[in-house]
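Enquirer: Please model the complete structure; the sequences and the hints are all you need to start from.
Residue-level listing of the chains:
Number of protein chains: 4
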Amino acid sequence: MVIIMQPNASAQDIKEVIKVIEENGLEAKVMEGRQQRIVGVIGDKTRLASVPLEAMHGVEQTVAISKSYKLASREFHPQPSIVDVDGVKIGGDEPIIMAGPCAVESREQLFEAADIVKAGGAQFLRGGAYKPRTSPYSFQGLEEKGLEYLAEARERTGLKVVTEVTVVEAVERVAYYADMLQVGARNMQNFGLLKAVGRAGKPVLLKRGLAATLNEWLNAAEYIMNEGNPNVVLCERGIRTYETYTRNTLDLSAVPAVKHLSHLPIIVDPSHGTGKWRMVKPMALAAITAGADGLMMEVHPNPARALSDGPQSLTPEHYQDIMTSIHKLSKFMKDEHIQSIDLTD
Amino acid sequence: MVIIMQPNASAQDIKEVIKVIEENGLEAKVMEGRQQRIVGVIGDKTRLASVPLEAMHGVEQTVAISKSYKLASREFHPQPSIVDVDGVKIGGDEPIIMAGPCAVESREQLFEAADIVKAGGAQFLRGGAYKPRTSPYSFQGLEEKGLEYLAEARERTGLKVVTEVTVVEAVERVAYYADMLQVGARNMQNFGLLKAVGRAGKPVLLKRGLAATLNEWLNAAEYIMNEGNPNVVLCERGIRTYETYTRNTLDLSAVPAVKHLSHLPIIVDPSHGTGKWRMVKPMALAAITAGADGLMMEVHPNPARALSDGPQSLTPEHYQDIMTSIHKLSKFMKDEHIQSIDLTD
Amino acid sequence: MVIIMQPNASAQDIKEVIKVIEENGLEAKVMEGRQQRIVGVIGDKTRLASVPLEAMHGVEQTVAISKSYKLASREFHPQPSIVDVDGVKIGGDEPIIMAGPCAVESREQLFEAADIVKAGGAQFLRGGAYKPRTSPYSFQGLEEKGLEYLAEARERTGLKVVTEVTVVEAVERVAYYADMLQVGARNMQNFGLLKAVGRAGKPVLLKRGLAATLNEWLNAAEYIMNEGNPNVVLCERGIRTYETYTRNTLDLSAVPAVKHLSHLPIIVDPSHGTGKWRMVKPMALAAITAGADGLMMEVHPNPARALSDGPQSLTPEHYQDIMTSIHKLSKFMKDEHIQSIDLTD
Amino acid sequence: MVIIMQPNASAQDIKEVIKVIEENGLEAKVMEGRQQRIVGVIGDKTRLASVPLEAMHGVEQTVAISKSYKLASREFHPQPSIVDVDGVKIGGDEPIIMAGPCAVESREQLFEAADIVKAGGAQFLRGGAYKPRTSPYSFQGLEEKGLEYLAEARERTGLKVVTEVTVVEAVERVAYYADMLQVGARNMQNFGLLKAVGRAGKPVLLKRGLAATLNEWLNAAEYIMNEGNPNVVLCERGIRTYETYTRNTLDLSAVPAVKHLSHLPIIVDPSHGTGKWRMVKPMALAAITAGADGLMMEVHPNPARALSDGPQSLTPEHYQDIMTSIHKLSKFMKDEHIQSIDLTD
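From first to last, the protein sequence lines are chains A, B, C and D. With the numbering used here applied, the first sequence covers 1 to 345. With the numbering used here applied, the second sequence covers 1 to 345. With the numbering used here applied, the third sequence covers 1 to 345. With the numbering used here applied, the fourth sequence covers 1 to 345.
Watch out, some of these pointers could steer you wrong.
Just so you know, same-sequence chains aren't split out, so a pair can sit in one copy or run between any two.
Simulated crosslink set (BS3-like; lysine-lysine; CA at most 30 Å straight-line) [what the hints assert, rightly or not]: (1) Lys70 to Lys202; (2) Lys67 to Lys15; (3) Lys195 to Lys328.
Derived from the structure by calculation, the hints contain no laboratory data.
Expert: As structure tokens, then:
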């Protein structure tokens, strides 16, 4: 941490700052600038988290240098991690596709969707049994019944199941049925839930919060990993900006950014990221080219009758077309040794 | 709801849209424009929540007209509500002040803070026993011990206690000790928690989410009210924008906006809203002038030693100075009959 | 400037960085951290502007310490400036009000508006002769005819005239007719225009850009001042955020922030800042309480027939009501010695 | 346009609204909802631009249906346009690459850069002779000297020249030397400049504004086209969001969005869009996959000595590597008939 003093800070101000630093078992180094003095803090970063140096007299600003997350950082684990979900490897050579309806609506709808998903070549079936909805009057999901249908669909197709868990009380139940637990955007800083999924013994898919910085997102992963669960996969799903044409603004630059800062795999959700099925194909292909480890996409047997998120759901035909292109694109990139991201730099 | 068809939508497209509307028990009216047709949907709005008309062929856009929240709306309850917290009335003539440290750090710190808060004339003591922190390595709060200290401080001073609850499991415990339950910005769309505090039998202070729209915020209030708890007070605490000089951008226009859309009281938190103690006074006074029903402010006996949020905490002297100004300002506005917001228009 | 090296930066990397710094006539000081080294740069900040240290091998990040503007900074001019516009003092004890229609539409409309503005006690008449409009098909203003009407209205009422200039070619013409030149939000970084108004010999009202940081805004003022014109007044008019209920998000915290960073006066435009006439009164009063040096408001004899920005224009009655409240509020603050912003801290 | 009346609007309110609509030569149709009435406006949209219906009594909200731009819309010109810049076709089968230094710094630097750019296979040389800089003390460009060097570099390499024009006075001069005029992000709503480049007789590259919506961007194109110049190419260069890790947030979804709304070609600038050279390759390849018609990238013979934007400039080696990948990727997409965007839907 670097502490920038105000131009008119007194010698006493500096002394006080140094005193607080040293009381916390850290070392202070003062650098004289032309207009301002700077104090460098040396030592274990975690002790700094609760020292409010900016409130001290004469302090202009503090600048964090080391990251507040550790287990999720590339400094801690320089090689990219591969998360193994019951045999399916996320973060390896092949893009992993998670597809399915936004919500599980009925046994029939889910089975129909699962068959389409399987036929297209995806490895995971997605589908919400617990739905976090803005309005309390919107469809909230089939809950445990939905989980049962998902498990049945797995039996039927061999697809792995990833599904969202929204409350701590349901973690055990969802972990019983699903292969991978999803933490949704609205819960990215629901720290109680993060800790609970960290102890649930299943890999976790952690979506980026609606307006989360990369730093907050990686700290959310740290909460899960700090409970002893290293199997975290990140999912970029669009951030909130001033632009209203798209439902969110899909931040594909998060892919190379996360790869540079962390060893965790990252996938992209172009369905929520754009909110328009027309934009799913270009953004899905772009995500793979940018180096994403996979995709999450919404597919519905009949989007116009979906109980949630219909406007962004693909028809079976569009889904199949996208999958064909993804497989070709992914093979081409491998065959030609095109690496979007170079981690040796 | 109004459905805007694409300029090239076919007669069959329109027919399909009308069919879906009528199947849901609603009525459709078609309006011929010069370039495009528009379909109006008439009937109970809550049925529309899960009809994804935008996914249908030929549909350009849908525009929501009626609000998705009801209990929180001024249409439902035209007169401003007053929330009574054990005798303290929020939403009445007098601004209600909630003050105290960001986190309860120790019995001594809390008692010292409570005495200062009381002396300044506030009605509520605030202080976090459960702290939602970005990093898992930051101070997380004293938990139940902190709640006990808050209850003791209430005995000592007569101040009401408002404190944050972050997980469903703790709702009952916090409701046992506190007079008012706070739902923090990061949990504004933690719907399980909203429902739990809705059933806890205590008034709720609902902070606006980091990047929540007014619509999402009022729908979050609706989740609480829909469980049978009408005693919800909103708290504007700054939103996330591109500007980094302040910790958040305090959106004071939320005060008149909420008053226009809803009957619920609204207070303002200039400490989190700016992140700088120097800016608390101007924004606190401005909030009162803009029509806020009260304020939440961070005060610490010794901000430079606070375990969290020191940079935005007031010293006892600054707090006392602000309270004096608020009382004068509030009396002046009442005496001169200055009404910032006119709800008769 | 502080340069933070990557944890794995080599001795050669550091050497190269130091070399570039010294070649630019600056001094480098290295500080050894536990994980990373930091290089402090000492000397005249303006030389750093074009040294792209972040592109060098081994560099993680650079942190600017000193500000890139100088003439606009409080370090350069610790006392608040007063801008004198032909006898009207902006930045002094009394709030200065600029009011009038968004656009000059006709001689009659402007005269009618001017009489209302004068009667309410404002010091300035505003009104656009050159209108920057999103669409080329919207009303673009009466241009020179509009300027003539403004000058006539000044004769008639004694009000000072402030009006926007949008192109360099028109600067001389506008400066001939107006008492104060306005640079609009869309032109805040139109650097050619900033330089031109800096040389025009008239005080300048500089609106904050649609999504401008405080730093960019003060640098825009610096462009004007650097041409020899110290008479710059800033105008907060709302920033672009994700919230769509209001036209912009009025950032009142810019008032204390600017007062802390700069000596320039700052006024607030609640009409553009909210886009809704219902919200003008609460935000106008709040701005004054927060320490603003004045206000700019849209008033129209008949808002429902205005050729632009009708929804945010006040009727004569609303304007008169607001002015009465402002005068009372301002007198109260002076009489009671309530200072929102304390610049001695 | 659709006008949504307030639930409590009176019959007289509706009458007044209809009167204003009809006075403007338009037709009004009223639709009775359960809670609210809606008034549809039928006729030529351009007349609506200056009718402030939202200011009328009883009006809740107005919703624009038809677009305010026409020449730039796909309704007006359903087939994608190809912009021919002296023989180089933008918007055709092949991605067009514009590369070069941020600023022209010297004859030698530019020639060296031009040779590298040419060798990599780009069609355009970019380089700023007039630089819009946040601070007046930063390097402002070589101006006319820079233009001369660009023209010389064209002689030398056969590359087309695209360069920014920042003031109306320089349009003629820049048009004399350059093949294509660039309007930068900060000038996207500098309407005087847009009109001037619309009359300059050269194709225009129009960058998206720092915080511009798609609607504002296409209206800016409309300003240019409305002067008789149909040769406009759009350039997505990142938008301003809350995320600070990247300089801007590159909005690749703008590519399919623009293709859906407009017939104009669109290219992507991953250098400004990310601000980090490490992220240029993944985002460049992703842009091509998403359907962009080309790229603009910063290349510098020695980025660490660049006078502006060094951190985002590629070294010659990185540039060459990216170009090789782009050519392979582009050929693969063509050979395999992979179309990211389907305009027949």
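Enquirer: Work down the list of hints and note, for each, if the structure agrees.
Expert: The hints, checked one at a time:
With identical chains, the CA atoms of Lys70 and Lys202 are at most 30 Å apart within one copy only, with a shortest distance of 21 Å there and 39 Å across copies. Taking the shortest Cα distances, Lys67 and Lys15 sit within 30 Å of each other both inside one copy (26 Å) and across copies (25 Å). In this assembly of identical chains, Lys195 and Lys328 lie within 30 Å of each other by CA distance neither inside one copy nor across copies; the values are 39 Å within and 45 Å between.
Comparing the model with each earlier hint shows a violation of hint 3 alone; every other hint is respected.
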